[in-house]
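Visitor: With the hints as your guide, set chains B, C, D and E onto chain A.
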Amino acid sequence: MIPTPKVDWLALSPTLALLAAAGVALLGSVLVPLWARRGFTALAVFAGFVTAGVFAAIVFDRSAEGKSLIAESFTRDRLGALAAIIIAGAGALTVLVSWGEHRRDHAGEYYALLAAAGAGMAFFVTAGNLMTLFLGLEWFSIALYILCALDTHRATSLEAGLKYLIVGGFGSAILLFGSALVYGATGELGFSRIAAAGDADNVLLLAGLAMLIAGLGFKASAAPFHMWTPDVYEGAPTSITGFMAAATKVAALVLALRILVVAFPEQEHLWTIAVAVIACVSLAVGNVAALVQRNVKRLLAYSSVSHAGFMLIAVAANSELGGRALLYYLIPYGATSIGAFAVVAARERELAAPVTLDNLGGMGWERPFLGAAMWVFMLGAMGMPLTGGLLGKFYVFSAAYEAGLWWLIVAGVIATAISLYYYLGVIRALYMRPEAELRPALAGGSPPRDPLLQSAVVIAVGLTVGSFFFVQPLIDLARDGAGSLPF
Amino acid sequence: MTAGAWLCLLAPLCGALLITALGESISRRTAAWISTLSVFAAFAGALIAFVDMLGRGHEEREAVTTAWTWLAAGEFHAGLSLLVDPLSVTMMLIVSGVGGLIVLYSIGYMDGDPEERRYFAYMSLFVFSMLMLVEAGNFLLLLVGWGLVGLASYLLIGFWHERPSAVAAAKKAFVMNAFGDAAMALAFFVLIWQTGTLDFAAAFEGAGGLSQTFVDLVALGLLAGAVAKSAQIPLHTWLPDAMEGPTPVSALIHAATMVTAGVYLIVRAHPIFELAPSIADLAAGLGAITLLVAGVIALVQTDIKRVIAYSTMSQIGYMFLGAGLGAYGNGMFHLMTHAFFKALLFMAAGLVIHHLANEQDIRRMGGLRQAMPRTYIAFLIGSLALVGIPPLSGFFSKDSILASALASGGYGRLLFAAGLAGALLTGLYTFRLLFIVFLGEPSALVREHDHGSAHGEGPWTMTVPVAVLTVLAVVGGWVQVAGIWHPFGEWLDPIAVGREHLALVEPTVTQDYVTSVLAVGLGAVGIAVAWMIYGSRKWSVPRVPSVQRTLEHKLWFDELYDAVFYNPGERISGLLRRGVEEPLIGGSIEGVTLGAREAAGALGEAQTGYLRTYALAIAAAVAVLVVVFITVQ
Amino acid sequence: MADVLVWAIWILAAAGCLGSGLAVITFTNPFFSALALIANLGSLAVLFLLASAEFLAAAQVLVYAGAVMVMFLFVIAYLGDRREAPLAGGPSWISLAALVAAAALLVEIVVVIGLKAGDALADEASVDASFGSPGEIGRLFLTDHLLAFEITSIVLLIAAVGGVVLGTRSEAEDEEELARARA
Amino acid sequence: MTTALIVLPLAAALLVWVLPLPGRAAGMLALLAALAELVLWVVAVAGFDFDQGLQQEDRHSWFSDLGVSYHVGFFGFSLWLVGLTIVVSAAAIGYALWVDRERGRAYHGLLLFLMGAITGVFTSQDLLLFYVFFEAMLIPLYVLIGVWGGPRRLRATVTFVIYTMAGSLLMLAAIIVFGLSQGTFSLPDSGTSSNEWVFLGFLAAFAVKAPIFPFHGWLVDAYREAPAEVAAILSGVVSKAAVYGLLIVISKFDQSVLHDFQPYILAFAAIGLVYGSLLAFRAPDIRSVTAYSSMAQMGLIVLGIFSLTTVGVTGAVVQSVAHGLVSATLFLLAGMVETRTGTSAFAGLGGMARGRPAFATVLMATGIIALAVPGSVAFAGEFLILAGVYTVGWGWAAVGAGAIVLAAMYMLRLISAVLHRAPGADVREDARDLRPFELALVVPLVAALLFLSAWPASVSERSFPGTGSAEASE
Amino acid sequence: MRGPDVSWYLIVSAILFSIGAAGVLLRRSPLIVLLSLEIMLNSANLALISFARLHGNHDGQIFALAVMAVAASEVVVGLGLIVAIARKHLDLDVDRLRVLRG
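Protein chains in written order, with the numbering used here: chain A, 1 to 487; chain B, 1 to 633; chain C, 1 to 183; chain D, 1 to 474; chain E, 1 to 102.
Hints may be right or wrong, so weigh each one.
SDA-like cross-link-like pairs, simulated, lysine to any residue; straight-line CA separation at most 25 Å [what the hints assert, rightly or not]:
{"id": "1", "chain 1": "A", "residue 1": "K6", "chain 2": "C", "residue 2": "F149"}
{"id": "2", "chain 1": "A", "residue 1": "K6", "chain 2": "C", "residue 2": "E136"}
{"id": "3", "chain 1": "A", "residue 1": "K6", "chain 2": "C", "residue 2": "G138"}
{"id": "4", "chain 1": "E", "residue 1": "K88", "chain 2": "C", "residue 2": "R182"}
{"id": "5", "chain 1": "E", "residue 1": "K88", "chain 2": "C", "residue 2": "A183"}
{"id": "6", "chain 1": "A", "residue 1": "K6", "chain 2": "C", "residue 2": "L146"}
{"id": "7", "chain 1": "E", "residue 1": "K88", "chain 2": "A", "residue 2": "E101"}
{"id": "8", "chain 1": "B", "residue 1": "K538", "chain 2": "B", "residue 2": "R363"}
{"id": "9", "chain 1": "E", "residue 1": "K88", "chain 2": "C", "residue 2": "T28"}
{"id": "10", "chain 1": "E", "residue 1": "K88", "chain 2": "C", "residue 2": "E173"}
{"id": "11", "chain 1": "A", "residue 1": "K6", "chain 2": "C", "residue 2": "R139"}
{"id": "12", "chain 1": "E", "residue 1": "K88", "chain 2": "C", "residue 2": "R169"}
{"id": "13", "chain 1": "B", "residue 1": "K538", "chain 2": "B", "residue 2": "D303"}
{"id": "14", "chain 1": "A", "residue 1": "K67", "chain 2": "A", "residue 2": "A197"}
{"id": "15", "chain 1": "B", "residue 1": "K554", "chain 2": "B", "residue 2": "V564"}
{"id": "16", "chain 1": "A", "residue 1": "K67", "chain 2": "C", "residue 2": "F149"}
I should point out that these hints are in silico values taken from the structure, not numbers from a laboratory.
Chain A extracted, bound-state conformation (with noise of 0.2 Å):
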């Protein structure tokens, strides 16, 4: 008889409910009749997300101690609580945003895997030795790169699906060498241990530390690993850009947090200086490339990246208001970004098409309320007052200049100012592009009125402008969150 290890399920229940979830609807794609799929999935799944954010909830208020569960394979601390919260409510807002997409086929299925890949978020970001971070790696991303494809009559969706793969199969790889080398220089796999095993200087430690740099930068998006990122973020399914782009950074941001802090303390004068390197090509390259796209989506799709870089730099400040700054930052960013590609999706259903900064024009005063909603988001994005964007870089700058970073709050603000020129060009796109160059809606009429992502944006925008205004008790949050780990 095997002694099975004792497992804390509350610590996973966040995860656990996903999958729940998950399950219920897989079963309810094939069992429930036709008519009541999609309401019966959609359901589900929202149910799952709250259900684990709840739960998420409660893990956090109860692990004022983080402590390792069996054998350094997750972690229960309010870290990952904290994350798996944020991760669930972007997964909530996208199923409100998604429900609107009346996604004819795979309707289960897509809610299903929108779960799985939730529950496989929530689980990562809990990760505590390189295996589980692997699987948890592998776990979202293959249900996202299913997600990304599922438009399969859409030429651009099996394209955005493919090139994900391949590029993320490669990352994945290069990440999977790389933890074995690390494995191989201190013969452990769990984050702890590796620091406490490592001699400081083991250059197959150092060269395991780059690959998994390079795979986690991959997956927040970070260049120059971020290439796929506006190819992907255009072909998939909006509502699913917008998941990626909010829960997917939270996940591999708050890892790369954990990892870098928990297993290579000693190599701390390496990593600060790459993570903060690759921060400052992020802001170059993210928002400089973002100034001449006309396409929305792709366009949101750098603003991504450089905002990968904006949290890198909470990250490359390896201390306790790093920590702060970056899971602060996440809330407003999560917000935003799910916001912007709610009213995205919005606009792609009302035109059929999809949406550039032409067809953008004058939505401002045709739809005042996602028109407002979304000026907000840009606000949000640019970092301006009455949006908790501001001070998420706030916090992000005074954890760099705290950590002797001082260059990169320059950088900071050179890629803000840049930054500016495209998020404004969303809002002129929506409300000040001259009468001649409007063109009428091109599916014409009025779309028919869609209560629940109206609902998800005003959630976003309740999101990003109170994440300003209340800015005590989230701060506390993350600041208990990154108290978890051990600076």
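Guide: Using the frame of chain A, we list chains B, C, D and E on its own:
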């Protein structure tokens, strides 16, 4: 005493505001009377102050009254204060008295102009400003008045704003005066910096403790302001152009009051000028140069008002000469008599112009004596006073200045000679004008406008002031007869700070007599020559084309300033636009935009769409990262 | 003696492994590439075996070379006549850069290993015979690595769903097809 | 009290946006709110003790870990700047109501929002809060110009926003460094800094906002393309945020730092003064002249502030108020000219004085105050500024005095080109004089200027308590 | 350990990894790219197993086994995608999939 001063100051302001506020709800005539009455009320206030002051002892004739703190910052305070002393009361009387007459004259002169209301509001504003200038209790308020008279002058010169020449002349006057204002302000900054105050008494006291450089700077700044305002060389070119304004304006502002403010300033600030003798000498020298140059230029002018304007410059040159040499009382005396006879001349000229329907070119005039006999008399008296023929007012005042010059050493003798030459010129140009305009055969134009004497020579509102001034031009000089009695000088004496007498130079009786003989003689010679050339036409006008052209171009001052200041300024402005603003300031934005776009384009190229390149980027980045980690380690 | 045999087998396996690997990426016909991969997996299994990973060697052959590659071949067969694929192509700078990058990675890893070869990599831990046996692996999968085991199954499930979803025709595609046919 | 002044316009903005009113009614509501704000301000003034420093404070912690709080309050000078904001904004809202802007709800809401943000800037006592309001001003401005502006508005807005943001982002960096090294972001609680980079960071924001030469690339386009009333707020009030910022800066840095940078800042300010004046002299339309003159005036104000003397700083405050009112009035008048003639280019204007006495009087009055004729409040401000900067070096004052002459030249040129000479090609006979409503908008502004001209000490004496204020030292 | 020591395994693994990488970077057929990815994953497996032997713990082997499953998953999804692409009558050439770019 102070109540009178306040009444004097505020009455015209109220008049101006009233006319502006009531706008079109009152008739033009009512507006004119509001203005006139307000100025006469000011005169009444001045009289009250004067009478009150007469009843006091010499020590009690000075009072400062403050309404509120006008400007304060840090340690620096300047109140809205009036200084009432014999000097300011003298000026108040002249300004409001002559001003009242001229405003009254305007009622007739401006009758029928569609914008009469605006005119009278401006006139009241001017009188207020001028009174503010002369009553100011500190340098800051003096500067305020200084600036406001410039403003009113601008408004009135440009009153006929549809004439481009009038607008240009107004701008020119204002800008040149602004230059003077700025120079004065700089002088005040030195005072604030060094003494912390702009109150007259305190500043004079503080100035005593300053180094010579600072005192010179202050005096120089004040002098620059005075020169600009009084149209002395080299800041004189605006005055002839200012004749674009209505004739009463020329009489009031550009003859009787504003332009003489420079003299007032020198007298008011005499302690500073005494501390800076070289600057005072400079003032006297500038006056001498101006009186000669203006006199010469006046010889060739063909516009009736311009001739008088140059004559004004010339006469103010005398006043500067006197004030610069320390003969303050004599300078002020000439200021007063000049106000009378020059206002008279302008208003008489105004009658002529009015009569000839706004024609000002003397070449088209002639023989007006028949048509306008009384005007001729008035003009003749004014001219004689101007030339300084006894017993008219100009004789007393001008000769006393020249005598002072004679009395003040070597430099003074030089100036004395200049003054005498000026006297000759005065006679010449004055009577050239008189003979051309009034004598000889009536010209075509004059005949055309000869309506007979049925209409008289003008409405009573115009003729009465002329009459009053004619009397004043005759008797105005009798308040001081050199070597016999000096009530005017004694009246002003209390403003001497820390000294027995105001005047620094006291000519002897002999000097007085010598001066009188020479000056009158030369004036008479000038008249005689003018008679030979223009009256009896026995002599032809001497022709020296180059000289004539030079004089007609007013010694090329305008051209010089255009070449040195205006044109370079305009060119620099254009150069800055084309050389800095567009290529650098705008171009930098263009450049950054272009650069960013190109970079973005390059990144877009790199985003080839080949997924292999995406993987390649990752592989390359990993390769670099590994190398860096290992080598850095 | 046994050592020599082991060396010989190792060298053969390694050579086969590398050779078949090269073959995979050089064949123009995916079918042959897939076959080469099977050879590659087989020779890897030998190396696994030599490195005391018996269970993995078995799994490699059964699961990987057997099941997975069969599916591969099936798909290749299904795709039929589009089998021929050019060796490389596209912009030549990509190929060049690709080779450089791959070579750089190789050199780096080899250098890294070489740097460590002297000390840490020379002395393996001594292990008993049961090392790598199915029993040991199984025990770990149910204790320390329980989660990994479960997650593996989840990943496979997701992939299966994905395969089904992507592999089957959708209504939208049908409609599009129909539309194209009509046109 | 202070919070009420900030919140009232913001709340009114929300109300205007949310209530489904027709445009005109929304405008009325906005105007009402602006007038109510004015009343509130008067109450604030009445309750203010000018012998004390910071007053009428509200303070709540915002997030405590970095020591950031919502902290607002008034200094004497900020009271005047807020008053300026309210008066100009009210006039602008009134003007927008008068011309009946399209999409009135959005427009008036944005104007109110802008008003609230500016009020916030002038009352912030916490650096981050200051930054928040400073940036928040841009949000409505971007849309106001971008949607309702002239034909080249898109370019103008982008340039404007990116330019200003680039500066203020550097300030954000500086704020972070300052706040973290001080341990608090609260202005009253923090000491002075000696970090020159931080100083430059702050300076960058204000140099662009003011603007100081050579950071004025955004200026003319923005002023020319904006709707008239927005241009009025932009040049009249928004630029004064830089003044407030610089006043903060000189109180929060060591004297050594300030004195190190003083010559350079004075030099750039002086260059800006002359440069702006020269370009204004040749600018082709009312708005460009006003724009460049704004630049020149801001250079002058910066001269005053960086004289680092009480006199100069006080002069800067006076001049800020004066210039705010003047340029707001001028832009509103430019708008009125444009609605009548369709242009503000001098080439098509002229002769508007004939038959339009009210317009002529108002423009003339504003113009002559703008050129700082002695006795005007602008003169008072300039006089103090130059008197202050004179003690630093006579050359600065000489340049300033020279610029006064230039100011006279370009302002007179403007006045003449609009009012005088023969009627221009675009001035039709039926272009009417100012209507009573328009008069009701500009006359209060001019009246305020005249009042201040009669009594500039009302501001200058009541800006800094006592003589040796914390903001400036001898 | 009989036979070559761990470094030799690793060198094989490294070469294999590079071969796989080169395959992904060079080949245009998505099928062969997938196969190359498999080679990369397998090279990692070889490294893991060698290190497991080196350290004498099973973690590496377990990891390798998990990787096998993941590799299979990727293959399944990849093949599904390729089939879907083929069904759309698109070229099976990754270089032709560049609608999305810029």
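Visitor: List in ascending order the numbers of the hints, as given earlier, that are violated by the structure.
Guide: none
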